[in-house]
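S.K.: What follows is each chain in one-letter form.
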Amino acid sequence: MSSMKLLLKRDLWAIKNHIVEIKRNPKRLIIYLLYILWIGSLVFNSIIANDNAGGFDIPRQNAIEYISAGYFVLISILFIYNLIKGLHESSTFFNVGDINFLFPAPVSSKKILLYNIIRKTLLNLILVGFIVIGVLPLIIQMVEIEIEYLPYLYMSLVGFALTLEPLKFALFALSTRYNKKTLINNIVYLLLSIFIGFILIGTFREGNLLSNILDTLNDSRLDYIPILGWSRQAFLIPIVGYSFTRMLYTILIYLAVIILIFLAYILGDDYYEDVADITREREAKKRRKKGLDKGNNKIKFFNKKGNINVKGRKNGVWSLLWKSKVEYKRSDIHEYLSITSLAFLALGIGIGLYTQFRSGGFLIPTLTGGLAYFMFLMSARRARDSELSKPYIYLIPGSFISKILAISSLDFIRMMINGALLYVPLILITDLPFMNGFIYWLFLISFYGLNLASNFLIRVLFPDSLDKKALFPLFLMLQTIVLLIPGFIIGGILAAIFGGVLYMYLGFFISNAILISVFIFLSNRVFEKLEWR
Amino acid sequence: MLKVKGLLKDYKNVRAVNDISFDLEEGDIVGLLGPNGAGKSTTIKTIAGLLRATYGDVTINGHKNTSVDAKSNFSYIPEMPELYEMLTVWEHIKFIAYAYKVSNWEEKAEKLLRRYDMWDRKDKLSKELSKGMKQKVSICCGLLPDPGLYLFDEPMIGLDPKAIRETKIIFKELSERGKTIFVSTHLLDSIENLCKRVLVMKSGTIIADESVDNLKKKLGNNTDVSLEDVFLEVTKDE
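Chains as they are written, first to last, in my numbering: chain A, 1 to 533; chain B, 1 to 238.
No lab work stands behind these hints, which were simulated from the structure alone. Note that the structure is a prediction, hence the values are computed from the model and not measured. The reader is advised that the hints may include incorrect statements.
Under the rule of at most 25 Å between Cα atoms (straight-line distance), these lysine-lysine pairs were calculated in the DSS-like manner [what the hints assert, rightly or not]:
id: 1; chain 1: A; residue 1: K23; chain 2: B; residue 2: K122
id: 2; chain 1: A; residue 1: K323; chain 2: A; residue 2: K390
id: 3; chain 1: B; residue 1: K172; chain 2: B; residue 2: K3
id: 4; chain 1: B; residue 1: K124; chain 2: B; residue 2: K134
id: 5; chain 1: B; residue 1: K5; chain 2: B; residue 2: K64
id: 6; chain 1: A; residue 1: K85; chain 2: A; residue 2: K285
id: 7; chain 1: A; residue 1: K23; chain 2: A; residue 2: K286
id: 8; chain 1: A; residue 1: K181; chain 2: B; residue 2: K12
id: 9; chain 1: A; residue 1: K23; chain 2: B; residue 2: K124
id: 10; chain 1: B; residue 1: K124; chain 2: A; residue 2: K27
id: 11; chain 1: A; residue 1: K23; chain 2: B; residue 2: K127
id: 12; chain 1: A; residue 1: K285; chain 2: B; residue 2: K236
id: 13; chain 1: B; residue 1: K101; chain 2: B; residue 2: K124
id: 14; chain 1: A; residue 1: K9; chain 2: B; residue 2: K124
id: 15; chain 1: B; residue 1: K124; chain 2: A; residue 2: K286
id: 16; chain 1: A; residue 1: K16; chain 2: B; residue 2: K101
id: 17; chain 1: B; residue 1: K111; chain 2: B; residue 2: K162
id: 18; chain 1: A; residue 1: K16; chain 2: B; residue 2: K3
id: 19; chain 1: B; residue 1: K127; chain 2: A; residue 2: K27
id: 20; chain 1: A; residue 1: K16; chain 2: A; residue 2: K286
id: 21; chain 1: B; residue 1: K122; chain 2: B; residue 2: K162
id: 22; chain 1: A; residue 1: K110; chain 2: B; residue 2: K64
id: 23; chain 1: A; residue 1: K180; chain 2: B; residue 2: K12
id: 24; chain 1: A; residue 1: K5; chain 2: A; residue 2: K110
id: 25; chain 1: A; residue 1: K120; chain 2: A; residue 2: K181
id: 26; chain 1: B; residue 1: K111; chain 2: B; residue 2: K124
id: 27; chain 1: A; residue 1: K120; chain 2: A; residue 2: K110
id: 28; chain 1: B; residue 1: K122; chain 2: A; residue 2: K9
id: 29; chain 1: A; residue 1: K5; chain 2: A; residue 2: K120
id: 30; chain 1: B; residue 1: K162; chain 2: A; residue 2: K390
id: 31; chain 1: B; residue 1: K124; chain 2: A; residue 2: K5
id: 32; chain 1: A; residue 1: K16; chain 2: B; residue 2: K134
id: 33; chain 1: B; residue 1: K196; chain 2: B; residue 2: K216
id: 34; chain 1: B; residue 1: K172; chain 2: A; residue 2: K110
Derived list of chain A stretches under chain B, where covered just means 3 residues or more per stretch with a C-beta under 8 Å from a C-beta of chain B [to be verified]:
id: 35; segment: 6-17
id: 36; segment: 271-278
id: 37; segment: 337-343
Virtual Cβ for every residue (Gly too), placed ideally from N, Cα, C.
My request is simple: use the sequences and hints to build the entire structure.
M.R.: Here it is, written out as structure tokens:
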């Protein structure tokens, strides 16, 4: 049996087993049904859009600019995501079974690589298919397109999707095989910084913000960026018309595909060692996500080794706090500071400077609301699950409430600091009154507190990770009713009485503080119902 | 069968294996012993082609260990029995049979699975198995191709007493059929009467490469001396 056939068979067996699993446990189907519903809604939208073609009343030139910029942003995000992933874990298409069974077997390593690149690329093509389903009707609504050139649009997307996996592998293999990880990381990050810097400078220059963004994203210099710029030009052929240059760009994408596949193939010898550790790490991460493994979910940015000194010994349950400090000190900038802290500080200074020189007063409350919303959405997904899946949490003697506080307090303090790093520059740089900044800060951290305090209840309500996934939309709806409505009511009353939007934020803080207290009280009551799994 | 010449393996700044050389002949059962961090697993993984040798040569039946030809001549049974989560026990066996182009594999596979009490679990997904069962599947997959050389990395960990005994019997049978077995283990009593020769590693180097009898003689030819005593004596810090 040929190697490719063997690998294909293995994947088909796995797919068959997934189907059998669904039959045995139909709850899994809910997750897939939700995806099907989502895709269905896209298709439905597409049908409706086709019926109402030309629905938008936008001048043609503007529509083209919107489409061109939108497409460029979309593929840039995908490209940068894959590029960064490629620097760290390009081997994601392998799994631990491959390391133990496939790699030592008499199967050519190049064929294994090629098969996996093809498999992953097929998945990328499915993703591209969704983009086409979702985006094409919108484009048709916005602007008239030349149907005979439509294949160029597909070719640009397919070409783009074909580059991702070989690029990721080539980057990864080059950096690990020849011990040039730092050099290649630096080059990639430098190029990314130039690219993002170019976009930011163009966006925040003198003039209208929206037209600045559009002008920058449509800057013809961006078309010279390999793959990204070329793909955009090829994509635009059915919209702006055929030209020799655009045709050339289409050819260039496919040349890039060939070169990248060739490069990956050359590097496809002797890569087992490079991919083994990362594959195991990824598997462990996946298992932790599913709640199957008891690992540490803290992101290791610095991966510091050696001795660290954490002042003050904690006794009993509070040793959990001490443990968190040790972990953060070892894996982060500081026990109280992280990369996120720097991001918050940069955001505070950036928004501060922007609002100082430009009229952007709406930005601060919008930013606050946006961040809080993000934390709210994260609450059902991100939990201190890694801690709760360790047996010592249940074995250490001590009251449940103190365990809850000991587990959560350092995360909360870190968020308080992050919040302060966001709002202090805003207060100092802009004319934001201290009290307003303080209320925004309270509002923000109260959502984080809500997130932390609800973790224990989520674990009791949905002890099974599958339930968490399957019932997530339902849970989110419930959460919205239970958590957000009291905030809206209290905030609304306060805003109506005192006459200011700021009181809405204060109302939310009060509501959240009450809910946090209730949750911690309830968590204390339900802790004994938690199971170590 | 296996020739290791001047093998050296560095991990960033750590020398895990330091210039080791040895040959294994057909029918040998050789134990690879050593304390934690001695470089045993690294040596076995490098021989299996899962790690790149920094320097040195490894050949199996005259073929470079990373070549497809060499890989047809050995089986690797890893320390951690990590399987394909979404494949059943039988599908793992089938996969190995196809990969190694094993003829009449169904019959052989059934015999192996029955020996390890896994026949009635052959349709179970690997994710539904306990660690010991996974280890049994891993061993069965390693034994199925019937190659000339077997590389076992801690095969007894997680196995129940019956499976340990079965594995020891299988080792003997394989040796009698001229197969070479290279086994790394901490469970010294499990290989005491099996291995005629042991390699003892410490800090990446081979500090002893002799027959078990010779090593025992060095400790005064006392009949009560066990492999454990020999091991502790050889590896003790000066």
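S.K.: With reference to the structure, classify each hint as holding or not holding.
M.R.: Structure-based check of each hint:
At roughly 19 Å between alpha-carbon atoms, A/K23 and B/K122 fall within 25 Å of each other, so this suggested pair holds. The hinted pair formed by A/K323 and A/K390 meets the criterion: a straight-line CA distance of about 13 Å does not exceed 25 Å. The hinted pair formed by B/K172 and B/K3 meets the criterion: a straight-line CA distance of about 22 Å does not exceed 25 Å. A hinted pair counts as satisfied when its Cα atoms are at most 25 Å apart, and B/K124 with B/K134 qualifies at roughly 11 Å.
Annotation: proposed proximity of B/K5 to B/K64 holds, straight-line Cα distance about 12 Å (limit 25 Å). Restraint check: the Cα-Cα separation between A/K85 and A/K285 comes to about 15 Å, which is no more than 25 Å; the hinted pair holds. A threshold of 25 Å between alpha carbons decides the hint, and for A/K23 with A/K286 the separation of about 23 Å falls inside it, so the pair holds. Our distance criterion of 25 Å between C-alpha atoms is met by A/K181 and B/K12, whose separation comes to about 12 Å.
For the hint pairing A/K23 with B/K124, the CA-to-CA distance comes to about 15 Å; that is within 25 Å, so the pair holds. Proposed proximity of B/K124 and A/K27 is supported: the alpha carbons are some 20 Å apart, at most 25 Å. Under the criterion of a C-alpha separation no larger than 25 Å, the hint pairing A/K23 with B/K127 is consistent with the structure, at around 17 Å. In summary, the hint linking A/K285 to B/K236 is not supported, as the alpha carbons are separated by about 38 Å, beyond the 25 Å threshold.
Between B/K101 and B/K124, the direct Cα distance comes to roughly 24 Å. Compliance with the 25 Å bound is thereby established for this hinted pair. Distance restraint check for A/K9 and B/K124: the Cα-Cα separation of roughly 18 Å lies within the 25 Å cut-off, and the hinted pair is therefore satisfied. Between the alpha carbons of B/K124 and A/K286 the distance comes to roughly 21 Å, so the proposed pair stays at or under 25 Å and holds. Of the pairs offered as hints, the one joining A/K16 and B/K101 holds, with about 23 Å between alpha carbons and a cut-off of 25 Å not exceeded.
The hinted pair formed by B/K111 and B/K162 meets the criterion: a straight-line CA distance of about 16 Å does not exceed 25 Å. Distance restraint check for A/K16 and B/K3: the Cα-Cα separation of roughly 43 Å exceeds the 25 Å cut-off, and the hinted pair is therefore not satisfied. Restraint check for B/K127 and A/K27: satisfied, since their Cα atoms lie roughly 18 Å apart, inside the 25 Å limit. Straight-line distance between C-alpha atoms of A/K16 and A/K286 comes to about 21 Å, which keeps the hinted pair within the 25 Å bound.
Taking the CA atoms of B/K122 and B/K162, the gap is near 19 Å; set against the 25 Å cutoff, the hint holds. Taking the CA atoms of A/K110 and B/K64, the gap is near 17 Å; set against the 25 Å cutoff, the hint holds. Distance check on the hinted pair: A/K180 and B/K12 sit about 12 Å apart at the alpha-carbon level, within 25 Å; holds. Distance restraint check for A/K5 and A/K110: the Cα-Cα separation of roughly 15 Å lies within the 25 Å cut-off, and the hinted pair is therefore satisfied.
Between A/K120 and A/K181 the CA atoms are separated by roughly 24 Å; this keeps the pair inside 25 Å, and the hint holds. Taking the CA atoms of B/K111 and B/K124, the gap is near 18 Å; set against the 25 Å cutoff, the hint holds. A hinted pair counts as satisfied when its Cα atoms are at most 25 Å apart, and A/K120 with A/K110 qualifies at roughly 15 Å. Distance restraint check for B/K122 and A/K9: the Cα-Cα separation of roughly 18 Å lies within the 25 Å cut-off, and the hinted pair is therefore satisfied.
Straight-line distance between C-alpha atoms of A/K5 and A/K120 comes to about 16 Å, which keeps the hinted pair within the 25 Å bound. Straight-line distance between C-alpha atoms of B/K162 and A/K390 comes to about 32 Å, which puts the hinted pair past the 25 Å bound. The hinted pair formed by B/K124 and A/K5 meets the criterion: a straight-line CA distance of about 24 Å does not exceed 25 Å. Taken as a hint, the A/K16 and B/K134 pair is honoured in the structure, with Cα atoms around 21 Å apart against an allowance of 25 Å.
Pair hint B/K196 plus B/K216 holds up; C-alpha atoms about 12 Å apart against a cutoff of 25 Å. Between the alpha carbons of B/K172 and A/K110 the distance comes to roughly 37 Å, so the proposed pair goes past 25 Å and is violated. Residues of the segment 6-17 of chain A with a Cβ under 8 Å from some Cβ of chain B number 6, which satisfies the need for three, so the listed coverage holds. Evaluation of the coverage hint for the segment 271-278 of chain A: fulfilled, as 3 residues show C-beta separations to chain B shorter than 8 Å, against a requirement of three.
Coverage of a stretch by a chain is defined here by at least three residues with a beta carbon nearer than 8 Å to that chain's beta carbons; for the segment 337-343 of chain A and chain B the count is 0, and the condition is violated.
In summary, the structure is inconsistent with hints 12, 18, 30, 34, 37 from the numbered list given earlier, while agreeing with the others.
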